[in-house]
Amino acid sequence: MTDEGTGISSSPALSANGLGKRFGSRVAFDDVSFEIGYGEVFGFLGPNGAGKTTTVRTLGTLLTPTAGSATVAGLPLIPDNGVEIRRRISIMPESPGLYLRLTVLENLQCFADLYEVSAARDRIDQALQAVHLTERAHDTCGSLSKGLKQRVALARALLNDPQVLFLDEPTSGLDPVAAREVHELIDGLRQRGVTIFLTTHRLDEAERLCDRVAILNTTLRTVGRPDQLRDELFARTLNVRTVSPLSNPADVFLGVESVSGWREDGPSTYVLTVTDPALAAPGVTRALVKADADVLSISVSHHSLEDVYLELIDVPAGLS
Amino acid sequence: MSVNRRLVRAIVSKELREFRRNRTLAAGMAIIPLVFSVQPLISVFALTSSASGPLRHEHVLLYMLGIPALVPSLVASYSIVGEREQGTLEPLLTTPIRREELLLGKALATFLPAIAVAYGVFALFLVCVGVFAKPGVASALIRPSDLLAQVVFTPLLAGCSIWIAIVISTRFNDVRVAQQLSTVASLPAVALAVLVALNVIQPSLRTAILAAVILLVLNRIGWRVASLMFDRERLITGTKS
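Residue numbers (full-length UniProt numbering), protein chains in the order written: chain A, 1 to 320; chain B, 1 to 241.
These are calculated hints, taken from the structure and not from any lab test.
Honestly, I wouldn't trust all of these hints.
Computed Cβ-Cβ distance ranges for the label pairs, DEER-style [said to hold, decoys possible]: (1) Gly130/B with Ala119/A: 44 to 54 angstroms; (2) Arg192/A with Arg5/B: 31 to 41 angstroms; (3) Ala123/B with Arg192/A: 54 to 64 angstroms; (4) Leu124/B with Arg26/A: 29 to 39 angstroms; (5) Leu228/B with Pro47/A: 34 to 44 angstroms; (6) Gln129/A with Gln180/B: 39 to 49 angstroms; (7) Asp125/A with Thr207/B: 52 to 62 angstroms; (8) Asp276/A with Gly87/B: 49 to 59 angstroms.
One-sided excerpt, in silico: chain B residues whose CB lies under 8 angstroms from chain A [stated by the list, open to error]: (9) Ser2; (10) Arg5; (11) Leu7; (12) Val12; (13) Lys14; (14) Arg17; (15) Glu18; (16) Arg21; (17) Gln86; (18) Leu93; (19) Thr95; (20) Arg98; (21) Thr237.
None of the values given here were measured: they were computed from a predicted structure.
Ideal placement from N, C-alpha and C gives every residue a C-beta, glycine not left out.
This is chain A alone, in the form it adopts within the complex:
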């Protein structure tokens, strides 16, 4: 079964239902619910301390949840399933966590054995090719740059051909070139149909890579496609700029069928609230020409995922 048009399997690769984790009286995250289909790239956004890493650790069986339930790679998240779940998933933590005295190959060999990978050497070669590190296989990890270490960590996470891959801040601390390389690798994984759970506070990264995003700030604020979240949160608007101020803007704008409101946003600049920008723009143009206005520009307002994030992150839980 696939969602219309997306080609993504609709049976959940990962689901959480009211999941929560407390450390004593401190709440790390609470009441987190979502479903992620196979082959989906799911972004998990939130500020520092929001509970993103703790959520990953909990879903990865490293921590025991204190509330709610979850299924990971088709298995209920219970202690008895810990080993089997860890066989089916991979986690790339924020810090690469490589054995610096060992070579890239020795690091990968160790983890291939721990995942009981058959034909380990072939699988290691494939993983190294996927991250473009074949040439550095015999270098000690301590001699690699941070970006290369991150790539080795990604190769390690690919060794067991995981059903679900957790990437915890994969581009944290990387320069733009290294970050772009990691993005390309994630894109490649998406094309191979790997389900990816990506935690990040880089909104451009989430917008570029993710099919859907969730915004977490201890509690889950929203889940959806980035464009859907924008539409839900922000009214559709047109920005109109004229050479000189209109003498009677209300008469001009409110006469157009799909315009429901307007306001001034500086001298000779107007923001119109519309039901459908594609319908409204020609009508507004005609109305402006009819009013003898000299038009500089008419454009559809574009709200970024950052706007959505900033709008939601400060809202108290339950109001969003």
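Based on these hints, arrange chain B on the given structure of chain A.
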């Protein structure tokens, strides 16, 4: 619980590779045997043939049991806290390995070089005594009962020392603290060996068998206790589960 040998072998192999390239640990493993072998060798070489008589009633060789008591504690105390310090514990725990298998792998990886060092140094000591000591000293010093005690107690003491050090390593956040505490924890075993070697404690077959059985039991429960003390959650987050 069945143990997955491939996973244990993976840990042993990785650990041994790391030890070989960790100069601090290698130096530690070299210094302790030197301390325990040089001083007795000098004393033995200084003995005249006529002074060898009293040696027949002493157990100088058992002094070297300090090596299997101390060397592995230094390495084993690094095992978990070291992984934690270099940030490799979390990736390791995301694999399907169980804590019992992880700890067994860590213990074996320490046990093998420690035993090799202890037996190797002991053999070298015997060769030096045989070749360089005055006539009569070697035969007075090297007796089958002491050799047997050395062979039997070396792995038993090393095993106990390893499990104590691993338990300490799972509970502390600092490598140095863990190593110092593990060394302190090994001192009673060293003191016992020294007291026996100096004839302050008179060993008998019965006490030797009793000590061997106790050490064997401690080794068996050591693995279980270390596994119970291994709190995955606390090790990752620093917070008790």
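Violated hints, by number in ascending order, as checked against the structure: 4, 9, 10, 12
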